[in-house]
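With chain A held as given, fit chain B onto it using these hints.
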Amino acid sequence: MRSTELLRRVGRARFPLGAPSWPTSVPRPGPGRRIGLDYDHEWSRSYPVRLARAVVVDNVTRPLAHLVAPTTLLGEEHLRHVESPVIFAANHASHVDTPLLLTALPVRFRHRTAVAAAADYFFDTTWKSVLWSFSLAAIPIERSRVNRRSADMAADLLEDGWNLVIFPEGGRSPDGWAQPFRGGAAYLARRTGRPVVPVYLHGTRHVLPKRADKGSRAPGGSGTEQRARRGPRRSPVTVAFGRPLVPDEGEDARRFSARVERAVAVLGDEVRTDWWTARRLAASGESPSPHGPEASPWRRAWALGPRPDETRGDEPAWPRQGR
Amino acid sequence: MSPRPGFVLEVDRSTPPILFWHGEGYRLERLPEGSRVVYAPEPLPSVDDPVAAVRHALLHPLGDAEPLPALLRPGMRLTICFDDISLPLPPMVAPDNRQLVIEEVLDMAAAAGVDDVRLIAALALHRRMTEEELRHALGDRVYDAFAPHGLLTQHDAEDAQDLVHLGQTELGEDVEINKRTAESDLLVYVNINLVAMDGGHKSVATGLASYRSLRHHHNPETMVHSRSFMDAPASELHSSNWRMGRLIAASGVKVFQIETTLNTNTFPPAFEFLQRREWEWSLRDRAAYLASTTALRRTPDRLKQQIFHSIKSPHALRSVQAGEVEAVHDVTTSHIWEQQGVAVAGQTDILTMGLPYICPYNVNSIMNPILVACTGLGYFFNMYRGQPLVREGGVVIMSHPTPWAFHPSHHPSYIDFFEQVLTETTDPVEMHKSFEESFATDPWYIHLYRTGHAYHGVHPFYMWYWCAHALAHLGRVIVVGGDPAAVRRLGFSPASSMDDALEMASDVVGPSPTLTHFHVPPLLLADVR
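As they're listed, the protein sequences go chains A and B.
Quick note: the first sequence uses the numbering used here, first residue 1, plus one each step.
Quick note: the second sequence uses the numbering used here, first residue 1, plus one each step.
It should be emphasised that the hints constitute simulated quantities derived from the structure, not laboratory data.
Incorrect hints may have been included.
[Unchecked claim] With a Cα cut of at most 25 angstroms, we get these calculated DMTMM-like pairs of lysine to aspartate or glutamate:
no., chain 1, residue 1, chain 2, residue 2
1, A, Lys128, B, Glu280
2, A, Lys128, B, Asp285
3, B, Lys179, B, Glu221
4, B, Lys179, B, Asp116
5, B, Lys312, B, Glu338
6, B, Lys179, B, Glu326
The shape of chain A in the complex, shown without the other chains (with noise of 0.2 angstroms):
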């Protein structure tokens, strides 16, 4: 018998051999208290875990996600005299993120790197907090509030040594453009006196993009229509590290935050001009800004141009005649 059709077989076995069902008028229970932020992640750093996790991330994640996504960096050069641990703080668009971020950092960054993850999102089941725990090292972060467990943990992480990738725009961008940066990195910074690197991740959302939520639909659709295909394209993409930062004397949070997110801004503009006209802007404080234009959603989008491989402009659209 095959391994599939046992499955199945086991899986139409009545109770007590296969699961019980649930009485209708029994309402099933939420959430435990092991899984979200309850979610207990200090396996995930134990030695034989960070091994396992290090020969995973080195030959399957890192080959995969230069295939997906080959990629360029910009900025090693400002990691090589940075003491760990240190902050990653980038902006994100994308699912592929963070393992581009992981597998683009420096060897004796890569494996002793935890990725602060949205509990609500990525710690709502077990076997997601499984998954990522193990794959990403990811802990669960409260996204939509300031809460103090996950600020202490965050910080104990870090006072241990474990560097920290954070996306302080706290969720993928909704339409390609930068959000407002939350001050978590920047808190986190000033508490436990660790340099924030800023990161720019470019070209991530045309990997793999933000897709609209669920129930959306086309409009004048029935709702009912095929969706899109969800899978990954590939797409070149450039990481670029920026110099890291540390808080001024007597710089609070909330500006120390805007400075990284400035210090993202002129990565992002670098990686589209080059260093010197981004410096130059930055300087004259002209860097355009990240969060594009103050305007309606379609020209919010156009401004962000063309994906790198469509057809524009001088290309035709269509296949050449007579050739």
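Just chain B now, kept in the frame of chain A:
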């Protein structure tokens, strides 16, 4: 997650089969749609530091009692009495509540310089405990300090030299109790209150009494007017004990009552599925069920009994209170209802119940047919307040193998009761009149009770009297999976399956009856409105 309260499930098409105890085993039965299943509350948390809780209770007594150290002085006679092997069920993992409390009491007595201390197991007419059982209840430290010097004894309800008649209540009930306890300067009674029936004045007035005294409340008349045993204000059994208890106090016997309650964490992890709701059974639970039922089917009865009776329950101390008897018991009762109470709306035509391998009178012994009847009709039927779960004229369906088997050392008089009395009558009043006296005064049974490990000669009658209320109330009693001859001897109807039993029940309660299942473990008390 905080413990969930008990609730009543209405069975629908999605409801999985429901667990029924079946003696040294269990089975899953699919109940008809629309049936109700009463589930107990989940075990409540135990106290964090049992020793500190005991000490606090002794130092902060309830009612008008003084703290225990204030009652202790050099030269006094101190007697410490404790519940016997019938509590708790199953026996709890060490340390037993009795050990925890008695060690603390003895520490205080030692500090006060009390030399004359005696420990007495309050057996009433139960069998004497073995050394192993006493050691488990009291701990080696207590046992080794008292037993070798004859200072740890077991109440003997037939030792005329060690009994004292304190008088009669206003209703003419004789009060005769253990002489040493009556003549002590202080009697400390240590209870384990498993259900609401236990404790209060019943501890001394029953546990330390003689047959002469017990017969006033252990009789069909009293039992049939105890509705139920779990609701003291509505229980004639308790009213009689309270009258006796007050007379004992008025006679100058100073009682310092210590009552302990347990949570309902009844079975160790290997058997945890027994106390879980079926639709929440995990893969591990289902594997444990299948593995254990398969193994038990191939296991000889004797070995099955040994396996189950070796189970020690992880019950944990839920509360401890000490002081004046009635004030203490009020608090104890409220704790028990908090742990075990379930509100149930209205009665049912058919009440189903799975009977386990154990009851208060067969610890480390055999559950004979009389005890099967007593467990179902005397205990489970009476686990209510307000009105019985099943309506008058309704049917009780019990699931138990009901083997025609008796423990010859523990239950000798049960064998003769089964052969001589139940063959003549199953009417509690009739047997009370015609047979009780001869069994109660039989010198051979008295000899076995006093020198061996036998229940008193009259004990099987008491077991049958416990059923008196149910027998008067019910239209029919059906036993599923029992030995047909033994079941018929009890006056009940044997059925080979639950479907057959429901078919038979419909002859009494009509077609389309309502059905309620009393789901244990854990133990529950139905508050039927």
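Going through the hints against the structure:
no., hint, verdict
1, Lys128/A <-> Glu280/B, "21 angstroms, holds"
2, Lys128/A <-> Asp285/B, "24 angstroms, holds"
3, Lys179/B <-> Glu221/B, "29 angstroms, violated"
4, Lys179/B <-> Asp116/B, "15 angstroms, holds"
5, Lys312/B <-> Glu338/B, "24 angstroms, holds"
6, Lys179/B <-> Glu326/B, "23 angstroms, holds"
Going down the numbered hints, you'll see the structure goes against just number 3.
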